[in-house]
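A.B. asks: Each chain is listed here by its residues.
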Amino acid sequence: MLLFIAMPIVSVIVQSMFTPHEAVFLTVETCTPFKCTEETTIDQEATAALRAEQPLGRFVGLDIYLDRGHLAISEVGEAWATSQSWSEFLASLVNLPFYRAMSFTLVFIFTVTPIVIVIGLLIALAVNSIYASLRGVVIFFSLLPFVITPLIGALVLYWMIDSRGILGNLLQWMAGDPSLSLKASTGLMWVSLIVYGIWHAAPFAFVIFYAGLQTLPKDQMEAAQIDGASRIQRVRYVILPHLMPLVTFVTLIQLMDNFRVFEPIIGFNAEAHATSLSWAIFNDLGGETRQLSSAATTSVITIIGVAILLTPVLIRTWRDFREKV
Amino acid sequence: MFVRKLVLAGVMTVLAGASAMACGINARVSIVGNEFPAIQSVGAGAQECKGAEVTTNLTADHQKINVPGMQGNPAEYTSAIIANSSIVALMNEDVIRPLDELVAKHGKHLKKNQLVTIDGKVMAVAFMANAQHLVYRADVLKQIGVEPPKTYEDMLTAAKMIRDKGIMPNPVGGAYKAGWNLAQEFNNMFLGMGGNHFKSGSARPNVNTEAGVKALNMMKSLSEYMNPDFLTHDSNATNAEFRAGNVAIMNMWGSRAATLVTADGVPQAVVDGFAIAGPMTAGGGSTPASTLWWDGWTVAKNISDAEAEATFIAMTHAIRPEILADNDVATQAVWLIDGYKPTPAAVGVFAAAEANTIPYPMLPYMGLLHTALGNELADFMQGKESAEQALADVEAAYVAAAKEKGFL
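Here the protein sequences line up with chains A and B, keeping their order. Residue 1 is where the first sequence starts when you use the working numbering, and the numbers rise one by one after that. Residue 1001 is where the second sequence starts when you use the working numbering, and the numbers rise one by one after that.
Hints are supplied without guarantee of correctness; some may be wrong.
What the hints assert, rightly or not - Some residues of chain B that are not near chain A, with every Cβ distance over 10 Å (derived): (1) Q1040; (2) G1166; (3) L1260; (4) A1263; (5) G1283; (6) P1321; (7) A1325.
To be verified - Only pairs whose alpha carbons sit at most 30 Å apart, straight line, appear in this in silico BS3-like list of lysine-lysine: (8) K1214(B) with K35(A); (9) K1301(B) with K1112(B); (10) K1301(B) with K1403(B); (11) K1301(B) with K1111(B); (12) K1108(B) with K35(A); (13) K1150(B) with K35(A); (14) K1199(B) with K1384(B); (15) K1064(B) with K35(A); (16) K1050(B) with K1112(B); (17) K1384(B) with K1220(B); (18) K35(A) with K1105(B); (19) K1301(B) with K1064(B); (20) K1301(B) with K1108(B); (21) K1165(B) with K1214(B); (22) K1111(B) with K35(A); (23) K1121(B) with K1301(B); (24) K1301(B) with K35(A); (25) K35(A) with K1112(B); (26) K1199(B) with K1220(B); (27) K35(A) with K1199(B); (28) K1142(B) with K1220(B); (29) K1341(B) with K35(A); (30) K1199(B) with K1121(B); (31) K1121(B) with K35(A).
Hint data in this document are derived by calculation from the structure and do not stem from the laboratory. All C-beta atoms, glycine included, are put in the ideal place defined by N, C-alpha and C.
Pulled out of the complex, with its shape left as it was, chain A reads as follows:
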């Protein structure tokens, strides 16, 4: 616990509060194959001396958390003061990277999670009621979306929804609009990402629920049948209460996973339309100049975000547990 969880978190928190030293610039002659020019470069000796003195860099406290790339406190304040209406305020809010990422992430979480649970449950009930000899095959194929590496799955769908791909072409034909493109419209791109999210995670929910259904006591079901409960009533009053702890478990995992949505954004090349905190971390580290402090700050915010999301579910679980004891 200490080595694998506590230490990395402490290290990330420390990194988010320190930034590199002030750069010491030098103007020197730089000769490239094309010509010689006077260019600015970094004075390595002076920088090395600064680093030797304070190896962690400058302590900036929460400055990075509050800057434009993250919580953007002063920009939000300004938008609040100058906006005439709510819609204007929201427009300037989603223009800031952190809030843009959050707006997509929250929509993604609160559509994907419930739909995954419902679809997972429906598949589990369906598979449970088919002939035992067919189950193996059906389970195998239902699981495939979850087995495929997320990035590959996203790429496969990405090429299918391309305006020259099979699904993209079909949609154009159905809509009668040859210029329709899923990738050019933010709304349709969000829908595609959400559909991918459901496609990928539904088998996970299905497997958990299916395992839960195997532990359902036969006598309870028989008793309900004798009492004249319809199929829907049996699901509502016998199966669901039995599966409730598993629903909580799947919700927890899905909230965490969807908050960190990353692979579909990369696979769908969707960064123009949708971003997430994980994507922001990847982007900070992937530039020609790496922004470690910024990435560390976003990581800490991600941890806090997951904690906030999970709190209601965890409190509920704790209460149930107390009641049982």
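Assemble chain B onto chain A, guided by the hints.
C.D. replies: Here is chain B on its own, set in the frame of chain A:
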């Protein structure tokens, strides 16, 4: 018996002669770099060296791994193949070493203009030049009766004619993928419109200017003639569109243009119509809306002197003049190597150099501005905000990042 001995002796002599030409090293060499054809040839050339292990890691993600891979002591990579944009990150972190002594000892056949010197010290050895320039379909332009465009305004006129005549619905190609590519297209257009990225002599941004707005408006006009998915198209996807015959005019990298139509399954009309010209200007300016690039290699600082020497020997072996004897290699790039003769595929890059195209800025903070441009311009291209707002966002995002890195 005697004859056999004689033949054997002859063979031995030839082998000895060959091994004198070959490359011998006695310490490990490990190379990280980008993965286009010319760099793959260089990597393979270094691996010809015998005596110690030579490993290569050539990937499009090289810039994500080269700094971390060279910061350790000893460094994982003994050499990074870089361009004028990516050497800056290595310089900023002080992970590459001056090469003057090694050049004096082992670099006799390197030309002086291959040596990239910073403050009088050789920090990299360049081996090829690159630029973005016009690639077009001569047959399509002939069909509408226009000359290859010299300016972006001409390009728009030609695009309109191609669309109006019903030849292609989206005749313009462009690597406008949100992120690095989109930012690079902005850099081209911005320099062509006479812009300067920074206020002179400082790290303060200077893109929210008239030149910036004009550059963005031109990009917007061009995008109206592109595949609607343009914000997801990088160089590979744009080339695929050209190969499929969906695109007639585009701004493309010289390093990719050479091999553009050699892929399998390219329709004959595309192969026959394929032509290259120099970069275009924009907004009535005389400086091409493009940037000049060089690719070269560096040697890590945090390695032993023996490893540095072995790396230098292997890398100079990989770019020796003899590699140009192979015609495939000679056409892969505009080589800066002694004895290189321009191939037809190189006219675009040469035209770019002759027209005084501005080299991509080698400034410590340019990478941050490039990232900020890549993140913030997509909203404008989708029509969600004004050019001024997008450029103000770029500057604000850059300032936040530059403050974090201690540049402002």
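A.B. asks: Name the hints, by number, that the structure is in violation of.
C.D. replies: none
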